[in-house]
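Respectively, the protein sequence lines represent chains A and B.
For the first sequence, this note's numbering gives the first residue as 1, with consecutive numbering after it.
For the second sequence, this note's numbering gives the first residue as 1, with consecutive numbering after it.
FYI, nobody ran anything at the bench for these hints, they're computed from the structure.
Being a predicted model, the structure only gives us computed values, none of them experimental.
Virtual Cβ for every residue (Gly too), placed ideally from N, Cα, C.
Mixed in with the good hints, there may be bad ones.
Beta-carbon label-pair distances, calculated as ranges [as the list claims (entries may be wrong)]: (1) Phe-269(A) to Ile-44(B): 49 to 55 angstroms; (2) Leu-36(B) to Ile-75(A): 34 to 40 angstroms; (3) Gly-225(A) to Ile-44(B): 34 to 40 angstroms; (4) Lys-251(B) to Lys-199(A): 30 to 36 angstroms.
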Amino acid sequence: MFWTFLQRAIRFSTVFMYGATGETITEKSGHLNLGIPGVMCIGAVGGVLGESLYLKSLSDISQINGFAAVIIPIIMTLIFGALAGLLFSFFTVTLRCNQNVTGLTITTFGIGFNSFYMNRIDKTGFTAASEYFIKGFPCADSAGWFGKIFLSYGTLVYLAIIVAVIAAIIIKRTRVGLNLRAVGENPATADAAGINVTKYRYIATILGSAIAGLGGLFFIMDHLGGNIEYNIDAFGWMAVALVIFTVWKPNWGILGSILFGALYISPDFMTVPSAATKEIVKLIPYFVTVVVLIVTSIINKRETQPPAALGVSYFREER
Amino acid sequence: MTNVLKKLKFESPIHISKRTDIPKWKTWLIRGVAVLVALLLCGIISSILSPGSFGSFLEQMFKGCFSTPRRAINLFEETALLLCISLAVTPAFKMKFWNIGAEGQVLMGALLCATCMKYFGGKVDDGLLIVIMLLFSVVGGATWATIPAIFKAKWNTNETLFTLMMNYIAMGLIACVIAIWVPNNSGTVGVLPFGNFPKIGKYPYILNIIIVAILTALVFVYLRFSKHGYELSVVGESVNTAKYIGINVKKVIIRTMILSGALCGIAGWLIVGGASHTVSTEVAGGRGFTAILISWLAHFNPIGMSFTAFLVAFLSQGSSQAASVLDFGGSFPKIITGMFFFIVIASEFFVGYKIKFKLRKRETSKTDSPSADCESEENACGGSDDDGIGVVIAESQSEEEIVLNSTETVPPPQRTSESIQDKEEVEA
Numbered sequence: 001m002f003w004t005f006l007q008r009a010i011r012f013s014t015v016f017m018y019g020a021t022g023e024t025i026t027e028k029s030g031h032l033n034l035g036i037p038g039v040m041c042i043g044a045v046g047g048v049l050g051e052s053l054y055l056k057s058l059s060d061i062s063q064i065n066g067f068a069a070v071i072i073p074i075i076m077t078l079i080f081g082a083l084a085g086l087l088f089s090f091f092t093v094t095l096r097c098n099q100n101v102t103g104l105t106i107t108t109f110g111i112g113f114n115s116f117y118m119n120r121i122d123k124t125g126f127t128a129a130s131e132y133f134i135k136g137f138p139c140a141d142s143a144g145w146f147g148k149i150f151l152s153y154g155t156l157v158y159l160a161i162i163v164a165v166i167a168a169i170i171i172k173r174t175r176v177g178l179n180l181r182a183v184g185e186n187p188a189t190a191d192a193a194g195i196n197v198t199k200y201r202y203i204a205t206i207l208g209s210a211i212a213g214l215g216g217l218f219f220i221m222d223h224l225g226g227n228i229e230y231n232i233d234a235f236g237w238m239a240v241a242l243v244i245f246t247v248w249k250p251n252w253g254i255l256g257s258i259l260f261g262a263l264y265i266s267p268d269f270m271t272v273p274s275a276a277t278k279e280i281v282k283l284i285p286y287f288v289t290v291v292v293l294i295v296t297s298i299i300n301k302r303e304t305q306p307p308a309a310l311g312v313s314y315f316r317e318e319r
Numbered sequence: 001m002t003n004v005l006k007k008l009k010f011e012s013p014i015h016i017s018k019r020t021d022i023p024k025w026k027t028w029l030i031r032g033v034a035v036l037v038a039l040l041l042c043g044i045i046s047s048i049l050s051p052g053s054f055g056s057f058l059e060q061m062f063k064g065c066f067s068t069p070r071r072a073i074n075l076f077e078e079t080a081l082l083l084c085i086s087l088a089v090t091p092a093f094k095m096k097f098w099n100i101g102a103e104g105q106v107l108m109g110a111l112l113c114a115t116c117m118k119y120f121g122g123k124v125d126d127g128l129l130i131v132i133m134l135l136f137s138v139v140g141g142a143t144w145a146t147i148p149a150i151f152k153a154k155w156n157t158n159e160t161l162f163t164l165m166m167n168y169i170a171m172g173l174i175a176c177v178i179a180i181w182v183p184n185n186s187g188t189v190g191v192l193p194f195g196n197f198p199k200i201g202k203y204p205y206i207l208n209i210i211i212v213a214i215l216t217a218l219v220f221v222y223l224r225f226s227k228h229g230y231e232l233s234v235v236g237e238s239v240n241t242a243k244y245i246g247i248n249v250k251k252v253i254i255r256t257m258i259l260s261g262a263l264c265g266i267a268g269w270l271i272v273g274g275a276s277h278t279v280s281t282e283v284a285g286g287r288g289f290t291a292i293l294i295s296w297l298a299h300f301n302p303i304g305m306s307f308t309a310f311l312v313a314f315l316s317q318g319s320s321q322a323a324s325v326l327d328f329g330g331s332f333p334k335i336i337t338g339m340f341f342f343i344v345i346a347s348e349f350f351v352g353y354k355i356k357f358k359l360r361k362r363e364t365s366k367t368d369s370p371s372a373d374c375e376s377e378e379n380a381c382g383g384s385d386d387d388g389i390g391v392v393i394a395e396s397q398s399e400e401e402i403v404l405n406s407t408e409t410v411p412p413p414q415r416t417s418e419s420i421q422d423k424e425e426v427e428a
């Protein structure tokens, strides 16, 4: 029972993990991308589009190639997510628009685009294709609880953890990460020190959006098993919350995502819960995030603060 | 080869500078063009989805809004609701307090309003009930706004993220209350019979529109002529200035957010009491977020906001009518609204910034110098040392000197070494 719970929590946490890792990278550059829910939706559209194009190119569904069925949607999701990020960074970096406003617009657009497109897509073969997303290591069943916890997940789950770890290492340990943090803390100083603020902000936002888009793909192809009826935007906001919860650290983001995932699925494991209790439990992640936000601001330690220039567009001539 | 590429990359022919002196008519011209472009684009998208529907799409948009009095009233009611929430977020935004929790504040107002309708309905007179509902809604909205404000004032807690979370807590609370009220898991409360706004004339919603019109005037006066309005715009411009001239910043933040939340609560009251007569998590319908965009686009001017709100309501109602006629599905209006906002936001750039195109007379290969403002960017990315001499130029050079240099083909050597030194320092 417990192992099943943990396994499902870890699996579901992937949605948040992608979103949070992407948003952390973006926010470290000083850009608060409130378009993350929209970006996840757009990314999901990209992935679904890729999958359906691939399935259509086959003469028969039985010819499906597992590797292609997974990699094509992933690449398409990355492209679509990156395009959404490009749009955001073009508006906020080049046109210097307000980040909150632009982000909310992307969210509105993305949600509309997602539900519009998903209703029109040809869904034949999606269940078969999603099998390849869900498939874990072949030896998972024979390895008991160890197999269940570590080996039973699909490609995207492992990819999420790898991406989060790499992001954490880059931000914390490399020169690129140092520059990125400098841009997010004080772009004017970073600019004076010879760091190309525009370039860093563009790359961080685009990369972050591409990663976040994968969360949408995971939700549809792995969690829902190719069923595309549901909206993703609520998870996008949870991912934004998670970034605060984990105080802008992708490695903590892995644990935070698992915790959020566990909280999200826990109503299903309760014995005879009333509907009201279920709703309360679903609220806990937001409550906890608020508490973390308050506590970190009261403690006022430098390591746990948001990037100082978060939400402020940089214009060199404005000092 | 890489040299040439590098130069191409960094020689930006576009120079952007801020402007403050744009004439009013030009501003409105830019915005008007943006709206037209947005409408045109909607038509083009529609004709891509179903060929030949360009004209009929636009026609349906107007029909959906104006063909019957009922539709026109709906349009104005939606405008009123959007405007009311936009008015609510405006004082906070002027203070640079990024309250994106309007959605949650409206929901809390709606929830408390519906609670009154459920528990007091039938026990007191309907007129009194509406007043009680108003009081509760205002308290609900204001509480939801004040919590983040207190933490912002006291510990400088990030208000954007805090208010965002409050939205979801409000949604969860509503879901929870609904689950208690309706134990059979259907999840819908149904129409509450008491405390509905009276009809004025033949059509519903007239009262909503009147109330919002009065509120608009009040907020306009408050922001423009009252001492409070002045204080909050000083806090928005510079907290230090405000402190220096003796404004109690904490008090201003909390006071403004109470006002902001109270107005959101009124919006919740209007929605539940005046329109939907029921409550659900969807009752605010994303208007809290749309209102933020409206307020920002109108530069926090209540009169401008009423036009913007009308446009947005028109687009969403019109495109939803057009989408149902042309069979595009229910989420099409969201795409259209999103596109509209993108274009209008982009147009604001042309209002706020001036773009100068520098036309070069000659595009020669090696010694073509980048303009002054490209220099530090050059430095920033100049990873390799083999940049050559011709690329570097000092900041103080004017446009004419640059032209001179390129004809002479050899830049002054002294400057070059200086700049290269600079670069080395940066890299070190």
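Given a hint of 34 to 40 angstroms, does the C-beta separation of Gly-225(A) and Ile-44(B) actually sit inside it? Roughly 37 angstroms apart at Cβ, these two residues keep to the hinted range, so it holds.
Do Phe-269(A) and Ile-44(B) keep their Cβ atoms within the hinted range of 49 to 55 angstroms? Because 50 angstroms falls inside the window, the suggested range holds.
Does the Cβ pair Leu-36(B), Ile-75(A) satisfy 34 to 40 angstroms? Cβ of Leu-36(B) to Cβ of Ile-75(A): about 38 angstroms, so the range 34 to 40 angstroms holds.
Assessment of proposed distance window 30 to 36 angstroms (beta carbons of Lys-251(B), Lys-199(A)): 43 angstroms, violated
Hint 4 from the list above is the single one not met by this structure.
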